[in-house]
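*Asks:* Chain order of the listed sequences is A and B. So the first sequence is numbered by this note's numbering: it starts at 40 and just counts up by one. So the second sequence is numbered by this note's numbering: it starts at 248 and just counts up by one.
A couple of the hints might just be wrong.
Here are some of the chain A residues that sit facing chain B, going by a computed Cβ distance under 8 Å [unchecked claim]: (1) 160; (2) 191; (3) 198.
One side of the interface only, derived from the structure: several residues of chain B facing chain A at Cβ under 10 Å [to be verified]: (4) 319; (5) 321; (6) 323; (7) 496; (8) 497; (9) 502; (10) 503; (11) 504; (12) 505; (13) 508; (14) 517; (15) 524; (16) 525; (17) 594; (18) 597.
Label pairs and their computed distance ranges (CB to CB) [stated by the list, open to error]: (19) B:281 to A:554: 41 to 49 Å; (20) B:510 to A:56: 53 to 61 Å; (21) A:115 to B:510: 33 to 41 Å; (22) B:415 to A:406: 56 to 64 Å; (23) B:402 to A:164: 44 to 52 Å; (24) A:112 to B:509: 21 to 29 Å.
Everything labelled a hint here was simulated from the structure, so no lab data went into it. Every value quoted in this text rests on a predicted model; they were computed, and no experiment measured them. Cβ coordinates follow ideal geometry from the N, Cα and C atoms, glycine included.
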Amino acid sequence: MTQPLLKIDNLHVTFSTRRGLVEAVRGVTLAVEPGEMLGLVGESGSGKSVTGFATTRLLDAAGRVTAGEILFRGQDVTKLSGDDLRHLHGAAMSMIFQNPRSALNPIRAVGQQIADAILTHKRISKQAAHAEALELLRAVQIRDPERRMAAYPHELSGGMCQRVMIAIAISCNPALLIADEPTTGLDVTTQKVVMDLLADIAAARGMATILITHDLGLAARYCRRIVVMERGRLVEEAAPTTLFNHPRHPYTKRLVAASPTAHSRIEDLVTEEERGPYAEIVRKPKLPQAPGTPPLLVVQKLAKRFDQGAAAVADFSMTIAAGESVGLVGESGSGKSTTSRMICRLIDPSEGDIVFDGQSIGHVPSRDFHRSPFRKDIQMVFQDPNESLNPRFTAHDCIAHPLKRLVGLREGDALRQRVEECAQRVGLPLDLLPRFPHQLSGGQKARVGIARAIACRPRLLVLDEPTAALDVSVQAVVLQLLDRLRREDNLALLFVSHDLNVVRMLCERTIVLRNGVIVEEGDSRALFDNPKTDYTRELVEAIPHIEIETKLAAAAL
Amino acid sequence: MNQQQVIGRTVRGTLGATMARAGRRFLSSLPALFGVLVFTFLLMRVLPGDPAVFFASGPNASKEDVELIRKQMGLDKSMPEQLALYLYDVGRGNLGRSMMTGQSVTKDLRERLPASLELTFTALLIALVSAIPLGVLAALKPGSIIDHGVRLFCALGVCVPTFVSGLLLIYVFYYLLGLAPDPTGRVDVFTSLPPSRTGFLMIDFLLAGDIEGWWAALKQLILPAMSMALFVIAPLARITRASMLVSLGSDFVRTARSVGLSRRHVVVTYALRNAILPVITIAGIVFSTMLGANVLVEKVFSWPGVASYALDALLSSDYAPVQGFVLLMASLFVLVNLTVDVCYGIADPRVSIE
Chain A
40 MTQPLLKIDN
50 LHVTFSTRRG
60 LVEAVRGVTL
70 AVEPGEMLGL
80 VGESGSGKSV
90 TGFATTRLLD
100 AAGRVTAGEI
110 LFRGQDVTKL
120 SGDDLRHLHG
130 AAMSMIFQNP
140 RSALNPIRAV
150 GQQIADAILT
160 HKRISKQAAH
170 AEALELLRAV
180 QIRDPERRMA
190 AYPHELSGGM
200 CQRVMIAIAI
210 SCNPALLIAD
220 EPTTGLDVTT
230 QKVVMDLLAD
240 IAAARGMATI
250 LITHDLGLAA
260 RYCRRIVVME
270 RGRLVEEAAP
280 TTLFNHPRHP
290 YTKRLVAASP
300 TAHSRIEDLV
310 TEEERGPYAE
320 IVRKPKLPQA
330 PGTPPLLVVQ
340 KLAKRFDQGA
350 AAVADFSMTI
360 AAGESVGLVG
370 ESGSGKSTTS
380 RMICRLIDPS
390 EGDIVFDGQS
400 IGHVPSRDFH
410 RSPFRKDIQM
420 VFQDPNESLN
430 PRFTAHDCIA
440 HPLKRLVGLR
450 EGDALRQRVE
460 ECAQRVGLPL
470 DLLPRFPHQL
480 SGGQKARVGI
490 ARAIACRPRL
500 LVLDEPTAAL
510 DVSVQAVVLQ
520 LLDRLRREDN
530 LALLFVSHDL
540 NVVRMLCERT
550 IVLRNGVIVE
560 EGDSRALFDN
570 PKTDYTRELV
580 EAIPHIEIET
590 KLAAAAL
Chain B
248 MNQQQVIGRT
258 VRGTLGATMA
268 RAGRRFLSSL
278 PALFGVLVFT
288 FLLMRVLPGD
298 PAVFFASGPN
308 ASKEDVELIR
318 KQMGLDKSMP
328 EQLALYLYDV
338 GRGNLGRSMM
348 TGQSVTKDLR
358 ERLPASLELT
368 FTALLIALVS
378 AIPLGVLAAL
388 KPGSIIDHGV
398 RLFCALGVCV
408 PTFVSGLLLI
418 YVFYYLLGLA
428 PDPTGRVDVF
438 TSLPPSRTGF
448 LMIDFLLAGD
458 IEGWWAALKQ
468 LILPAMSMAL
478 FVIAPLARIT
488 RASMLVSLGS
498 DFVRTARSVG
508 LSRRHVVVTY
518 ALRNAILPVI
528 TIAGIVFSTM
538 LGANVLVEKV
548 FSWPGVASYA
558 LDALLSSDYA
568 PVQGFVLLMA
578 SLFVLVNLTV
588 DVCYGIADPR
598 VSIE
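Turn these sequences into a full structure, and let the hints guide you.
*Replies:* Right under this line is the structure:
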């Protein structure tokens with residue numbers, strides 16, 4: 040096998056946007072052997088997905104291959120058209136997309152959608168296609184496939200939808216499968232199941248796979264060879280072991296450092312120059328709490344029932360001391376967001392009480408809580424920095440808003456000073472303050488969100504997946520910022536996340552939720568190193584760990 | 248096969264849920280209907296004009312005559328009394344008697360409603376059949392000549408009022424080309440009407456097996472229907488284009504392309520089926536507006552429909568027909584909304600779960 044299955048040579052892709060031409064991919068050269076699984080890793084804007092879309096000829100109308108060639112079995116894909124292109128799609132190469140639910144037709148039964156794909160490339164009867172679709176559903180291990188054939192995407196979970204998507208992609212036995220962030224947005228355990236399935240299917244059918252992901256750990260777990268992209272260029276190509284132990288390119292070094300692992304500490308995530316004043320603060324020992332100090336927050340037997348009657352959260356009790364950081368982890372639907380919103384007093388609990396600083400606040404209706412003196416003591420940072428900022432407010436207005444409403448500051452020098460002080464503390468350059476959210480990057484928006492939350496000098500900060508939408512390198516900086524703020528202000532953090540590696544680093548204590556009930560809680564390090572319940576163990580083991588994999592690989596060599 | 252049973256059960260479940268939803272929606276619209284009833288009643292009383300004077304035989308009718316007519320009409324009673332009487336009558340299905348035609352309003356409406364409905368349905372059909380392909384074509388090539396052409400056509404359609412386009416159509420097709428029959432009523436004078444079964448001439452002629460009559464009625468129908476359709480093609484085509492653009496740019500269309508489905512399959516089965524949902528809503532609204540607003544077209548083409556009937560009644564302060572008309576329109580509006588709901592439930596499986 041001298042000729043690779045896919046050979047991309049000096050690929051350039053340009054997008055025409057309102058601000059002129061943007062080069063998304065600038066000279067990528069890579070090759071994929073038959074049956075191989077190649078990891079294509081990079082952060083947002085690195086051009087990894089664009090490379091994938093260019094290969095399958097699914098670029099938006101605005102995108103164009105301006106130079107280079109993509110040879111698939113020796114044939115230049117960029118020059119195909121009409122029927123050749125249609126034959127290429129599905130029969131020769133196919134794609135699995137991010138966000139499986141929207142990638143499936145919402146008003147067509149999933150069995151029908153698989154059959155559609157089969158019928159396009161095979162001249163068989165509808166019944167035969169139907170039977171084949173059923174076989175495929177079985178192959179992707181969907182339980183009760185006969186019944187699921189008639190299901191619509193909204194009736195299936197995200198992981199199930201992704202299995203259906205895989206079934207569609209493999210329906211005509213393509214030689215190349217391009218998986219674009221196939222598990223982003225799925226729970227860790229689901230991610231593991233789906234990725235294992237994908238790897239097994241690809242191996243069993245001899246399909247070559249390109250795994251496009253931002254998650255180095257994931258790529259390391261499933262790929263023999265990883266290609267790292269940065270701003271449209273290929274910066275490094277190596278086996279996972281080499282990549283993690285001896286990264287050569289500075290970008291790869293930063294990426295490897297920023298990827299949280301089982302043993303990394305927050306201070307390791309960023310390079311020396313980004314660390315700045317953080318190092319000294321970490322070295323300062325934490326002030327010991329005077330014995331007998333009551334905890335800042337006590338939650339007693341909290342429960343929330345929504346209309347249907349099933350409890351989203353039941354019998355939830357916890358405490359947080361001042362300056363303590365507590366992680367709340369669990370899969371989607373475990374009730375962690377509901378709990379955090381009840382503690383923030385954004386929704387009302389059905390039962391139980393919340394005591395903050397010795398006073399019960401659980402019975403204040405959430406509608407009136409904005410008038411409570413404790414509103415400025417409990418603040419929240421929301422999941423999506425894009426959605427949680429008012430698009431018509433500048434960064435300055437966003438940060439000033441709580442100061443005006445809760446502290447009662449008027450427009451003027453005092454307010455401006457407070458806003459600038461907050462911006463400085465979160466490391467937001469002051470010249471960005473007059474900008475609107477759409478003029479800021481994801482990391483800058485996250486900083487605005489945090490600045491807004493700390494503007495009133497709260498004592499408890501509730502963070503709902505604050506870094507889920509961020510790239511790892513930005514996440515590293517944000518985590519470090521949060522930890523610094525906690526140490527400086529003796530701020531208590533309640534950190535809601537599904538990313539166990541992040542929780543392990545940031546939080547001293549961790550609570551594991553499942554179906555609205557606490558499964559396990561305790562000191563973070565102990566809990567992650569020695570999980571007591573099967574569920575926690577399952578969660579911990581599902582995280583793609585870089586170290587463990589590299590050790591295994593080293594042992595195998 | 249087992250498979251078939253499963254599909255059957257799901258479909259039945261969806262239909263059942265849709266029906267239950269439609270029923271709930273119907274019940275919740277009853278108060279609105281009642282409100283419409285009371286509101287029109289009061290409105291008619293507030294409007295200037297004394298029907299008793301109007302219907303007294305002449306301008307020099309004596310005071311006693313007017314008084315007598317007033318008593319006959321029940322106008323001497325207090326307002327609440329009149330309202331109670333009116334509600335009682337409506338409850339029994341009696342909408343009163345028209346002073347103009349001397350017939351009961353129910354009978355008048357029953358005679359004229361099919362004419363209006365036939366016209367509106369035809370117009371809506373023409374509008375949908377032309378608007379959806381136009382919108383799809385425009386969306387497939389946004390910014391192209393076709394797109395701009397469709398936009399221009401839509402703009403013209405909206406900015407020319409129906410009575411102007413109606414007159415233009417008459418001028419071209421009747422006066423200049425002589426293709427259309429003279430624009431008076433539902434059939435020309437030489438054609439004898441078929442026995443009335445549904446009231447819809449297109450159906451009645453077919454039932455009677457009278458193809459020639461059917462053709463004559465169709466020729467009468469086509470021009471007014473066209474001028475009404477021209478007016479509503481624009482909103483339908485625009486919404487089709489917009490939702491088609493969203494649909495074509497969506498992830499699932501990309502998926503369909505990625506597995507190599509044929510272009511027709513992608514555009515029709517994947518994109519259009521999804522894009523049609525907002526079009527259904529707009530079509531419902533358009534239909535309701537057309538029913539009431541086609542008075543202009545009915546006047547231009549001497550079409551014996553309910554709208555021109557109500558206008559005549561309004562001009563002569565004939566309370567009962569106007570009230571009956573408004574009630575009819577409100578009920579039709581409720582019916583149309585129910586139909587849209589049911590269509591939605593069938594077209595989109597996500598709607599049926601609540």
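*Asks:* Decide, hint by hint, whether the structure agrees.
*Replies:* Going down the list of hints, with the structure as the test:
With a least beta-carbon distance of about 7 Å to chain B, the hint placing residue 160 of chain A at the interface is held under the 8 Å criterion. Using the Cβ-Cβ criterion of 8 Å, the hint placing residue 191 of chain A at the interface with chain B is satisfied: the shortest such distance is roughly 5 Å. The beta carbon of residue 198 of chain A is not positioned within 8 Å of any beta carbon in chain B (closest approach about 17 Å), and the interface hint is therefore violated. Given the 10 Å rule on beta carbons, the hint for residue 319 of chain B is violated: about 57 Å separates it from the nearest Cβ of chain A.
Nearest Cβ of chain A to the Cβ of residue 321 of chain B: about 50 Å, over the 10 Å cut. The hint is violated. At its closest, the beta carbon of residue 323 of chain B sits 54 Å from a beta carbon of chain A; the interface hint therefore is violated under the 10 Å criterion. For residue 496 of chain B, the shortest C-beta to C-beta distance to chain A is roughly 8 Å, which falls under 10 Å, so the interface hint holds. Because the smallest distance between the Cβ of residue 497 of chain B and any Cβ of chain A comes to about 7 Å, under 10 Å, the interface hint for this residue holds.
Nearest Cβ of chain A to the Cβ of residue 502 of chain B: about 5 Å, under the 10 Å cut. The hint holds. Hint status for residue 503 of chain B relative to chain A: holds, with the closest Cβ pair at about 7 Å, below 10 Å. Because the closest C-beta pair between residue 504 of chain B and chain A is about 6 Å apart, less than 10 Å, the hint holds. For residue 505 of chain B, the interface hint holds, since its Cβ comes within 10 Å of a Cβ in chain A; the closest pair sits about 5 Å apart.
For residue 508 of chain B, the shortest C-beta to C-beta distance to chain A is roughly 5 Å, which falls under 10 Å, so the interface hint holds. With 10 Å as the threshold, the beta carbon of residue 517 of chain B comes within range of chain A, its nearest partner Cβ sitting at about 6 Å, so the hint holds. This hint holds: residue 524 of chain B has a C-beta 8 Å from the nearest C-beta of chain A, less than the 10 Å allowed. Because the closest C-beta pair between residue 525 of chain B and chain A is about 13 Å apart, greater than 10 Å, the hint is violated.
For residue 594 of chain B, the suggested interface contact is upheld, since its CB lies about 7 Å from the closest CB of chain A, less than 10 Å. With 10 Å as the threshold, the beta carbon of residue 597 of chain B comes within range of chain A, its nearest partner Cβ sitting at about 5 Å, so the hint holds. Checked against the hint of 41 to 49 Å, the pair residue 281 of chain B and residue 554 of chain A passes, with Cβ atoms roughly 47 Å apart. Distance hint for residue 510 of chain B and residue 56 of chain A: a CB-CB separation of about 27 Å, inconsistent with the stated range 53 to 61 Å.
Checked against the given bound of 33 to 41 Å, the beta carbons of residue 115 of chain A and residue 510 of chain B, roughly 22 Å apart, lie outside it. Residue 415 of chain B and residue 406 of chain A have their C-beta atoms about 59 Å apart, which keeps the hinted 56 to 64 Å range intact. Between residue 402 of chain B and residue 164 of chain A, the C-beta spacing of about 48 Å keeps the proposed range 44 to 52 Å intact. Taking the beta carbon of each, residue 112 of chain A and residue 509 of chain B are about 23 Å apart, inside 21 to 29 Å as hinted.
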